[in-house]
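S.K.: Go ahead and model the full structure; you've got the sequences and the hints to work with.
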Amino acid sequence: MEANVNNSLKLFIEYLQIEKNYSQYTIEHYQHDIREFFLFMSEQGLTSLDDVEYADTRIYLTKLFDQQLSRKSVARKISCMRSFYKFLLREKMVGDNPFSLVSIPKLEKRLPDFFYEEELSQLFKVCETETALGKRNKALLELLYATGIRVGECCKIQVKEVDLSLSTVLVHGKRKKDRYVPFGSFAQDAIEDYIKNGRPDLLNGKDDHGHLFLNFRGGALTDRGIREILNKLIEKSALTGKIHPHKLRHSFATHMMSNGADMRTVQELLGHAFLSSTQVYTHVTKEHLRSIYLSHHPRA
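My numbering applies: residue 507 is where the sequence shown begins, and numbers increase by one.
Treat the hints with care, since some could be wrong.
As the list claims (entries may be wrong) - Straight-line Cα separation of at most 27 Å, DSSO-like style, residue types lysine-lysine; simulated pairs:
hint	residue 1	residue 2
1	526	662
2	683	666
3	631	753
4	683	753
5	753	662
6	702	738
7	702	631
8	742	753
9	738	662
10	680	662
11	578	592
12	753	738
No lab work stands behind these hints, which were simulated from the structure alone. Just so we're clear, the structure is a prediction, and the values are computed from it rather than from any experiment.
M.R.: Structure representation (structure tokens):
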């Protein structure tokens, strides 16, 4: 079984990288979830991916719930296996998709978590700009908040794709959809300072492959590296909890909508394929307005 399933996984990962253009972070999640299912197959005595039937998927679903995983985690794992088998079916490596009829648990609708403007001010204040790494971190934080781009998109940005004269950046989004996103004067100043006075020090004579954000070795900064940088900034500030790069994306969208930006514009800036993905931020701003009303109106 090992050679068969490992080859199938290898082909699927190549498909996610080349055809789907998924980030390394997303691909690692897929690999982890699929390998978990391979372990389940071994426990059940299933020697081939084509041996898996609908009844087996129900047993697997029960096992996931027995592990007391959240509904979101269970839904992600089932969705992953459904996509995996859909690919195998397309490549004629299996005769059926046993996960096609498995119901994904319904998720509670949660409003996106975002920073208030005063919280972001605290975060920006702890960014020192005396060192090359400090200049990079400031530019990174400013760009993520100024544009609302995804962390995977941020990792791919090349220096040549940043137009400082027009204050725009070319972003390579999901499904190979490119878009130009503007940024403001704070991001402009931080990026310009980093490119001129920080990035050359990080490169330190090594081959320049053109990535905007570099690690301390001069290589391209990864999405995991960005998460570590942001968490260190949180630790230095008075804020509590961990920060996910998507929280900056949520903050960008929420603040844009709160200040009167129309939904279609925000959709285009975020690179959302569907307007429904952007509509959630209208609920966030309504909740925010309601909380302010309840806190300040004398007859609330």
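S.K.: Against the structure, test the hints numbered earlier, and report the numbers of the ones violated in rising order.
M.R.: none
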